[in-house]
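*Asks:* Single-letter residue listing:
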Amino acid sequence: MTRRVIVAGASLGGLRAVERLRAAGWREDITVIGSEPHMPYNRPPLSKSFLRELDPNSDTHSAAREIAASAAFPVRVDPAGIEWRLGRTVTAARLAAREVDLDDGTTLSYDGLVIATGLRPRRLGFTGGDAGRHVLRTAHDAARLRVALAKAGRVVIVGGGFIGCEVAATARQLGCEVTVVEPLPEPMLAALGGGLAAAMRGHHERRGVRFVLGRAVAALREDASGAMAGIELDDGTPIACEVLVEAIGSHPNIEWLAGNGLDLSNGVLCDDRMFVEGCSEVVAVGDVARYRGGLCADPPRRTEHWCAATDTARRAAPGLVAQLDGVTTELGPWPIPTFWTDQFDLRVQGLGVTGAADEYTVLEGSLEQFERGVIVGAWRTGALTGVLAVGVPPAFLRPYRDQVMAASSQTSVTV
Amino acid sequence: MKVLVDLDVCEYHGQCAIAAPDVFDLKDESTLLWDAEPDEALRADVEAAADVCPTQAISIQD
Numbered sequence: 002m003t004r005r006v007i008v009a010g011a012s013l014g015g016l017r018a019v020e021r022l023r024a025a026g027w028r029e030d031i032t033v034i035g036s037e038p039h040m041p042y043n044r045p046p047l048s049k050s051f052l053r054e055l056d057p058n059s060d061t062h063s064a065a066r067e068i069a070a071s072a073a074f075p076v077r078v079d080p081a082g083i084e085w086r087l088g089r090t091v092t093a094a095r096l097a098a099r100e101v102d103l104d105d106g107t108t109l110s111y112d113g114l115v116i117a118t119g120l121r122p123r124r125l126g127f128t129g130g131d132a133g134r135h136v137l138r139t140a141h142d143a144a145r146l147r148v149a150l151a152k153a154g155r156v157v158i159v160g161g162g163f164i165g166c167e168v169a170a171t172a173r174q175l176g177c178e179v180t181v182v183e184p185l186p187e188p189m190l191a192a193l194g195g196g197l198a199a200a201m202r203g204h205h206e207r208r209g210v211r212f213v214l215g216r217a218v219a220a221l222r223e224d225a226s227g228a229m230a231g232i233e234l235d236d237g238t239p240i241a242c243e244v245l246v247e248a249i250g251s252h253p254n255i256e257w258l259a260g261n262g263l264d265l266s267n268g269v270l271c272d273d274r275m276f277v278e279g280c281s282e283v284v285a286v287g288d289v290a291r292y293r294g295g296l297c298a299d300p301p302r303r304t305e306h307w308c309a310a311t312d313t314a315r316r317a318a319p320g321l322v323a324q325l326d327g328v329t330t331e332l333g334p335w336p337i338p339t340f341w342t343d344q345f346d347l348r349v350q351g352l353g354v355t356g357a358a359d360e361y362t363v364l365e366g367s368l369e370q371f372e373r374g375v376i377v378g379a380w381r382t383g384a385l386t387g388v389l390a391v392g393v394p395p396a397f398l399r400p401y402r403d404q405v406m407a408a409s410s411q412t413s414v415t416v
Numbered sequence: 315m316k317v318l319v320d321l322d323v324c325e326y327h328g329q330c331a332i333a334a335p336d337v338f339d340l341k342d343e344s345t346l347l348w349d350a351e352p353d354e355a356l357r358a359d360v361e362a363a364a365d366v367c368p369t370q371a372i373s374i375q376d
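As you go down the protein sequences, you meet chains U and V in turn.
For the first sequence, our numbering begins at 2 and goes up steadily by one.
For the second sequence, our numbering begins at 315 and goes up steadily by one.
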């Protein structure tokens, strides 16, 4: 009787899990279940090139298929023995019985389970204006937003994180009037620190993006036909718009795991080997997983960076295969995390842990002329835990990467 | 091992040059150079580069 590993989730985490399971020697069946009707595709281009380049007159479903197809990841494994159930959602799991339920009424049993169900966008807690409200996570969201931006004069983006700022830049490049509403004193403040965040805001403002900082949305406004008409801030100020983009963070997709005694308080809690705590044949990868990682000793957290899908799958898959085949395996050190954001003509690249540091210092270049190149270091308890760079060739970043890696092996960084 | 880079898809992030500095060299904002047949000893670095590329422009052919 052939054994089966089920991979719940068919985005980058699920794909890397499949690749790493095979690379770790798993020769038996793999069933991948993905709620979107597409093979795994890359999400970062959704906020940039796809919003700019899509034909705004195409219908949403065709456009979504086109986006997903052009962003599709190459599948680097032999298809034999791998079943893809796309457009299907996992609705429940009974881990003790090693079973999962799908939304088509099927129940599948497994010998090993990879949880890779990722995130869904948080929504503002208001009703109304639905046709003019947008999030950006999937190809379908991007297709819908592209059509809306073509017709919109005014766009309000709630949330000044990376996604909000990327969409702001793209919408501005499409000729829209753009306002970003962000409760903190700067956009991207937690990730970049005050200096670089302010510099990025200035770059946006010089290109016509308006920021409303230190304010939240208190109400939505509809016109007489129920279409989006705008928002009202918590100080009563109205801001009119045809398109509202809600870029206020994400919820991990873990509801299907309820009832199994897991810690689901913020994603799926895993140990250092990416095993779900208390389970010997269940691992989690990607955005949904909460774990310590290499540079943060305590507490475990979800890493919403693109690199985490690959880094966690590289760790989880060999461990799961070793468990299923009854062997031991050694897991190497965690790779240094990286991230980037592209906004207008700028690229910010991050290495290591840069969020909520004790101190940010300019290591090279200057914030005043940051578009010409700047490197900012992020420090915690006196150690360089990460760097942020704008307009810097990779060769310049290598010595800092080495320094950050050295710091991680010497210090136990508390986040 | 042959290393292939799709320059139509490459966006010159240079993460490959950080992951595998002996194989990839991002000379400036729009010029990537790479060793098309690197030594087998560099396979782990090249695989890391292929994984970390934000646009998945790198593939390995054996």
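Some hints could be false.
Claimed, not checked - Taking lysine to aspartate or glutamate pairs in the DMTMM-like style, the calculated list, with each CA pair at most 25 angstroms apart, reads: (1) K341(V) <-> E351(V); (2) K316(V) <-> E20(U); (3) K341(V) <-> D346(U); (4) K49(U) <-> D320(V).
For the record, the hints were derived by calculation from the structure and aren't laboratory data.
It should be emphasised that the depicted structure is a prediction, and the values quoted were computed from it without experimental measurement.
*Asks:* Hint by hint, note whether the structure agrees.
*Replies:* Here is what the structure says about each hint:
| no. | hint | result |
| --- | --- | --- |
| 1 | K341(V) <-> E351(V) | holds (19 angstroms) |
| 2 | K316(V) <-> E20(U) | holds (19 angstroms) |
| 3 | K341(V) <-> D346(U) | holds (19 angstroms) |
| 4 | K49(U) <-> D320(V) | holds (20 angstroms) |
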